[in-house]
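Chains as they are written, first to last, in our numbering: chain S, 1 to 432; chain Z, 1001 to 1246.
Simulated from the structure, these hints should not be mistaken for lab results.
Careful: at least some of the hints might be erroneous.
Unchecked claim - Non-contacting residues of chain S with respect to chain Z, defined by C-beta distances greater than 12 Å in every case (computed): (1) P4; (2) N51; (3) E55; (4) D370.
Said to hold, decoys possible - Here are the simulated BS3-like pairs of lysine-lysine, each with C-alpha atoms no more than 25 Å apart in a straight line: (5) K1007(Z) - K1204(Z); (6) K209(S) - K223(S); (7) K1061(Z) - K419(S); (8) K1170(Z) - K1211(Z); (9) K10(S) - K1170(Z); (10) K138(S) - K402(S); (11) K1103(Z) - K1007(Z); (12) K10(S) - K1242(Z); (13) K426(S) - K409(S).
To be verified - To give a feel for the contact side, a few chain Z residues facing chain S, derived at Cβ under 7 Å: (14) V1039; (15) I1044; (16) E1102; (17) E1106.
Bear in mind the structure is a predicted one, so any value in this text is a computation, not a measurement.
Backbone N, C-alpha and C fix where the C-beta goes; we use that ideal spot for every residue, glycine too.
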Amino acid sequence: MECPVYRPEKEREVPVVMASHGSALVARGMGRSYGDASLNSGGIISSERLNRFIEFDAEKGVITAEGGVSLAEILDIAVVKGWFLPVVPGTKYASLGGAIACNIHGKNHYAKGDFAEYVLHLKLCLPNGESLDCSAAKNAEIFWATCGGMGMTGYIERATLQLIPIESASLGCWRVKAENIEEMVALFRENATNSDYMIGWIDHFARGKNLGAGIFEKSNHCKLTDGLPLGKYREKPPSFSVPKFFPAFTLNKYSMALYNRARFCGIGKKGATMKRNFFEFFHPLDALKNWNRMYGNNGFFQYQFIVPEGKNAAIDMRNILQLIQDSEHFSFLAVIKYHRGGKGLMTFPIAGFSIALDFPAGEKILGLLDKIDEELCRTGGRIYLAKDARAKPGTIEKMYGKNFREWKKIIKEIDPQNKMDSAMGKRLGFHE
Amino acid sequence: MNEPMKKALVIAATSSLGAAICAVLARRNYSLFLTGRDVTELEIIAADLRIRHNANVLIGKFDLAYVTFSAGNFLEDVEEKFGSFDAAFLLAGDMGTAAHDEKNIEQVVKVNYLQPLKLLELLAEKMAAGRGGSVAVISSIAGDRGRQSNYVYGSAKAGLAASASGLRNKFSRRGVHIMTVKPGFIDTPMTYGMQSPLIYSREKAAETIVKALRRKKDVVYVPFFWRYIMLIIILIPEKIFKRMKL
């Protein structure tokens, strides 16, 4: 998609662009969203050059920065001072503004909640070019419409974030095999109170009663005495870059089945323990530069859904995994996480389990995803907008329900002239 | 990185390339004095340098349009707060508008040539009277040959390059080194949106400029290959050149 791009370099240029631009705009940060959230034929306002730190209180772990600062940059200055991001997504190449607009979550959502819960304060440039200070206490309605609001409330100029203290740059991990989805769910529930992070990988090739089998991993930050010192945390730069014309056929049903089997080896009934540093742990894909090229030129669809917590959670997931297995499609990666309820009108996580899947792109996959959407609507589940590029407007309305309607009402109030919009906004009818 | 503590003055630090140069200097452990017209922006840049690089940074509002030779000028103000400095970077520049009216022509010549020349003169004199130092002057490849598309800007930058050459000559034996920088297409607002494979990262450009000044280069093209591109352009006979669309 061709999008005219504005790239302001001074803070004062933002309101000028916002107020004077003719067609609708949307903010774009690092451009790592899987879907069309930061694409817009009308125009884009890029935060690439508005990436400066404003204040860092190393005593309290409170940091203020412009929206274009990346999470990697925050970690770069915070870790050596003993602070860490409370919520870490799968890639550290996401911008602060984008993390707020998508209200991202990490492997600790069940315990720590989503990104917005650590945003103490926001400076938002409204669609009419006015700057507004907002937080959970001040202009709260706009604040909660902005966190998870996919950029529809304006441009995030600055944000103040509360970090969490850490003692070392290592995590102690424990991995164990789960024989099926029921066991996986039980492992998450059992370990929720004594783990800093939990995640599971589902082997997409396990069938029948073993459906949903995989590896469960729980981890805790290491204490000062048994971890890597903070000063030494800096990762090695990516050693291997995926070539531009990576042959897509190397990732196929058989190689992936083999890969998934290989992961299982070495993990016995009692599980395996290991110590890993931050970056292996949080961003395994970032270690491979341009990893997205592995999917070939066609790219892929990332699809993340969540099913509500309760006695039916495992059954709901089982049904969806069965749907996928019955189709001719398979996902390269299937990651399962545990969640508590989220704040913010359009925030994705409800209390429950989410599964993130990667499908090679193609026309035929869309039918399957629509079918899963229907299943989710039936059971009270939903999909993650930050990763969506294909959902239908009615579906989102059903999934997000009265929150979606309330959010649209707020958008209408602060943006009566539709000055903010994106390809996603048009597709899903944010302004209708 | 264990270089002795050095001090640098960056004039028009709020410009795109200026901010990038500040980051390179801060990483190399320089103490900095930043000037510009936009104080809010100066404060943001200074805060960022302090947080990322633990840098020692002072700022001062300064509009190049008001350089004077009289006592109490801006440089004395800098020296009072900052002490004497080892290096200075002069970045002021303005492409002006497409209009070839009196106001635009005067503005472009003033910002790109007249005021920088006055300031250079004062700077070099001050450094020569003290313990010497180096100055990087940002000219442009546009100054190498006047073209119909931007000769107002180009001629002002050419004037600046000629004066830098003269000052280099004049001060070479008095411990002051003047370096002329001729950037090509650097990724700044000036070139943003231009579809050219020659666009060069401003971070790399800043690195090149700082390195070149430390090595006391005289004239440096950024990146280097512009030296050869401009050489070819200069060699085109005027009879042919005047008919070309450049």
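Each hint, compared with the structure:
A beta-carbon of chain Z comes within 12 Å of the beta-carbon of P4(S); the shortest separation is about 9 Å. Not every CB of chain Z lies more than 12 Å from the CB of N51(S), the least distance being 8 Å, so the non-interface label is violated. For E55(S), the requirement that its beta carbon stay farther than 12 Å from each beta carbon of chain Z is not met, with the minimum near 7 Å. The beta carbon of D370(S) is kept farther than 12 Å from every beta carbon of chain Z, the shortest such distance being approximately 39 Å.
Distance hint between K1007(Z) and K1204(Z) is fulfilled; the C-alpha atoms sit about 21 Å from each other, no more than 25 Å. Restraint check for K209(S) and K223(S): not satisfied, since their Cα atoms lie roughly 40 Å apart, outside the 25 Å limit. A distance of roughly 35 Å separates the Cα atoms of K1061(Z) and K419(S); the hinted pair therefore is violated under the 25 Å criterion. Taking the CA atoms of K1170(Z) and K1211(Z), the gap is near 23 Å; set against the 25 Å cutoff, the hint holds.
The straight-line distance between the Cα atoms of K10(S) and K1170(Z) is roughly 38 Å, outside the 25 Å bound, and the hint therefore fails. For the hint pairing K138(S) with K402(S), the CA-to-CA distance comes to about 23 Å; that is within 25 Å, so the pair holds. Distance check on the hinted pair: K1103(Z) and K1007(Z) sit about 37 Å apart at the alpha-carbon level, beyond 25 Å; violated. For the given pair, K10(S) sits about 39 Å from K1242(Z) by alpha-carbon distance, which is inconsistent with the 25 Å threshold.
For the suggested pair K426(S) and K409(S), the alpha carbons sit about 16 Å apart, so the restraint of at most 25 Å is met. For V1039(Z), the suggested interface contact is broken, since its CB lies about 11 Å from the closest CB of chain S, more than 7 Å. Restraint check, I1044(Z) versus chain S: the minimum CB separation of about 5 Å is within 7 Å; hint holds. At about 27 Å, the closest approach between the beta carbon of E1102(Z) and any beta carbon in chain S exceeds 7 Å, and the interface hint on this residue is violated.
Hint status for E1106(Z) relative to chain S: violated, with the closest Cβ pair at about 25 Å, above 7 Å.
In the structure shown, a violation is registered for the earlier hints numbered 1, 2, 3, 6, 7, 9, 11, 12, 14, 16, 17, in ascending order.
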